[in-house]
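For reference, the chains in residue letters:
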Amino acid sequence: KQEVTQIPAALSVPEGENLVLNCSFTDSAIYNLQWFRQDPGKGLTSLLLIQSSQREQTSGRLNASLDKSSGRSTLYIAASQPGDSATYLCAVYSNYQLIWGAGTKLIIKP
Amino acid sequence: ETGVTQSPTHLIKTRGQQVTLRCSSQSGHNTVSWYQQALGQGPQFIFQYYREEENGRGNFPPRFSGLQFPNYSSELNVNALELDDSALYLCASSPTPLTALEEKLFFGSGTQLSVL
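Sequences listed follow chains U and F, in order. Residue numbers for the first sequence follow our numbering, beginning at 1 and rising by one. Residue numbers for the second sequence follow our numbering, beginning at 1 and rising by one.
Please note: incorrect hints may appear among the correct ones.
Computed list of lysine-lysine pairs in BS3-like fashion (alpha-carbon distance at most 30 Å, straight line) [stated by the list, open to error]:
#, chain 1, residue 1, chain 2, residue 2
1, F, K13, U, K42
2, U, K68, U, K105
3, F, K13, U, K68
4, U, K105, U, K42
Residues of chain F placed beyond 10 Å of chain U at every Cβ, according to the derived structure [said to hold, decoys possible]:
#, residue
5, K13
6, Q18
7, G28
8, S33
9, Q44
10, E54
11, P61
12, R63
13, S65
14, S73
15, N79
16, S86
17, K104
18, L105
19, S109
Quick list of the computed label-pair ranges, beta carbon to beta carbon [unchecked claim]:
#, chain 1, residue 1, chain 2, residue 2, range
20, U, L11, F, N77, 18 to 28 Å
21, U, T58, F, G28, 23 to 33 Å
22, F, G3, U, P8, 27 to 37 Å
23, F, P70, U, A9, 23 to 33 Å
24, U, T45, F, K13, 25 to 35 Å
25, U, Q81, F, G3, 18 to 28 Å
26, U, G60, F, G16, 13 to 23 Å
27, F, R15, U, S70, 37 to 47 Å
28, U, S53, F, Q18, 23 to 33 Å
29, U, E17, F, L67, 45 to 55 Å
30, U, T5, F, L39, 33 to 43 Å
Simulated from the structure, these hints should not be mistaken for laboratory data. Here the structure is a predicted model, which means the values were calculated and not measured. All C-beta atoms in this analysis are idealised placements derived from N, C-alpha and C, irrespective of residue type, glycine included.
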């Protein structure tokens, strides 16, 4: 059974810092891995999608990596801004469904 | 703006009642999936519909059922509501089930259901 874990559950850093969010999964048989952002009272916004054959994807200040063999993915956020404050969730597409971690609540202090 | 809209945004029901949640997908998106997100947790897959047929289901009892219509709208129905059904319900759409493997999913803002 696929399980997805995100550490830490919460993170608070000063504005301008670079930071890394972690995601791990138990079964390497995945189609893809996605990172999402969720703002309070709002739905989910897909940030980056990494196919199982890829090792990383970049979008602006965001970079996501994937290591299937070790069951790990990281989301790197460069030069953090207060507007980056949100909950970040990772999800793996496995057995024709998305399986999600519980998320990391990120607070960027001005 | 994802083009996926859900209604209502908030709903309060009593245990034992029935509820219908609605989702309007992007035009051309024949696949819709529904998720339940309890407070402080990641979403849980309920089921997926493709061209009006259920083609995948998570670990949810039969009292969770759905419908998909030709006009890209869909419904999630929950019978005999329980307190633990209180959650944010999200729908997501994609052109096809295979597209969902290769492209980002578009989510609605969700319906917050409270069962008292």
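Each hint, compared with the structure:
As the CA atoms of K13 (chain F) and K42 (chain U) are separated by approximately 21 Å, the hinted pair is consistent with the 30 Å bound. About 24 Å separates the Cα atoms of K68 (chain U) and K105 (chain U), which keeps this hinted pair within 30 Å; it holds. Of the supplied pair hints, the one linking K13 (chain F) and K68 (chain U) is violated, its CA atoms being roughly 43 Å apart against a limit of 30 Å. Simply put, K105 (chain U) and K42 (chain U) have alpha-carbon atoms about 14 Å apart, close enough for the 30 Å limit, and the pair holds.
Listed as a non-interface residue, K13 (chain F) keeps its Cβ farther than 10 Å from every Cβ of chain U; the least gap is roughly 19 Å. The non-interface label for Q18 (chain F) is consistent with chain U: the shortest C-beta to C-beta separation is roughly 24 Å, beyond 10 Å. For G28 (chain F), the shortest C-beta to C-beta distance to chain U comes to about 18 Å, beyond the 10 Å cut-off, and the non-interface label holds. Annotated as non-interface, S33 (chain F) brings its C-beta within 10 Å of a C-beta of chain U; the closest such distance is 8 Å.
Distance check for Q44 (chain F) against chain U: the nearest CB is about 7 Å away, which does not clear 10 Å, and the non-interface claim fails. E54 (chain F), annotated as away from the interface, keeps every beta carbon of chain U farther than 10 Å; the closest lies near 12 Å. Consistency note on P61 (chain F): stated as away from chain U, and its beta-carbon is indeed over 10 Å from all of that chain's, at 17 Å minimum. With a cut of 10 Å on Cβ distances, R63 (chain F) stays outside the contact zone with chain U, its closest approach being about 20 Å.
Every Cβ of chain U is farther than 10 Å from the Cβ of S65 (chain F); the closest lies at roughly 17 Å, confirming the non-interface assignment. Every CB of chain U is more than 10 Å from the CB of S73 (chain F) (nearest about 17 Å), matching its label as outside the interface. For N79 (chain F), the condition that its CB be more than 10 Å from all CB atoms of chain U holds, with the nearest at approximately 23 Å. Distance to chain U confirms S86 (chain F) as a non-interface residue, since its nearest Cβ pair spans about 16 Å, more than 10 Å.
Not every beta carbon of chain U lies more than 10 Å from that of K104 (chain F), the smallest distance being close to 4 Å; the non-interface claim is violated. Chain U draws L105 (chain F) into its interface by the beta-carbon criterion, the shortest separation being 6 Å against a cut-off of 10 Å. For S109 (chain F), the requirement that its beta carbon stay farther than 10 Å from each beta carbon of chain U is not met, with the minimum near 4 Å. Checked against the hint of 18 to 28 Å, the pair L11 (chain U) and N77 (chain F) fails, with Cβ atoms roughly 38 Å apart.
Distance hint check for T58 (chain U) and G28 (chain F): the Cβ-Cβ separation is about 28 Å, which falls inside the suggested range of 23 to 33 Å. At about 33 Å, the beta-carbon gap between G3 (chain F) and P8 (chain U) stays in the expected band of 27 to 37 Å. Between P70 (chain F) and A9 (chain U) the CB atoms are about 43 Å apart, so this pair departs from the stated range of 23 to 33 Å. For T45 (chain U) paired with K13 (chain F), a C-beta distance near 28 Å keeps the hint of 25 to 35 Å intact.
A C-beta distance of roughly 27 Å is found between Q81 (chain U) and G3 (chain F), which places it inside the suggested range of 18 to 28 Å. For G60 (chain U) and G16 (chain F), the Cβ-Cβ distance of about 48 Å falls outside the hinted range of 13 to 23 Å, so the restraint is violated. Between R15 (chain F) and S70 (chain U), the C-beta spacing of about 45 Å keeps the proposed range 37 to 47 Å intact. The hint said 23 to 33 Å for the Cβ distance between S53 (chain U) and Q18 (chain F), and at roughly 45 Å that hint is violated.
Between E17 (chain U) and L67 (chain F), the C-beta spacing of about 47 Å keeps the proposed range 45 to 55 Å intact. Evaluation of the 33 to 43 Å hint for T5 (chain U) and L39 (chain F) yields a failure: the beta carbon distance comes to about 18 Å.
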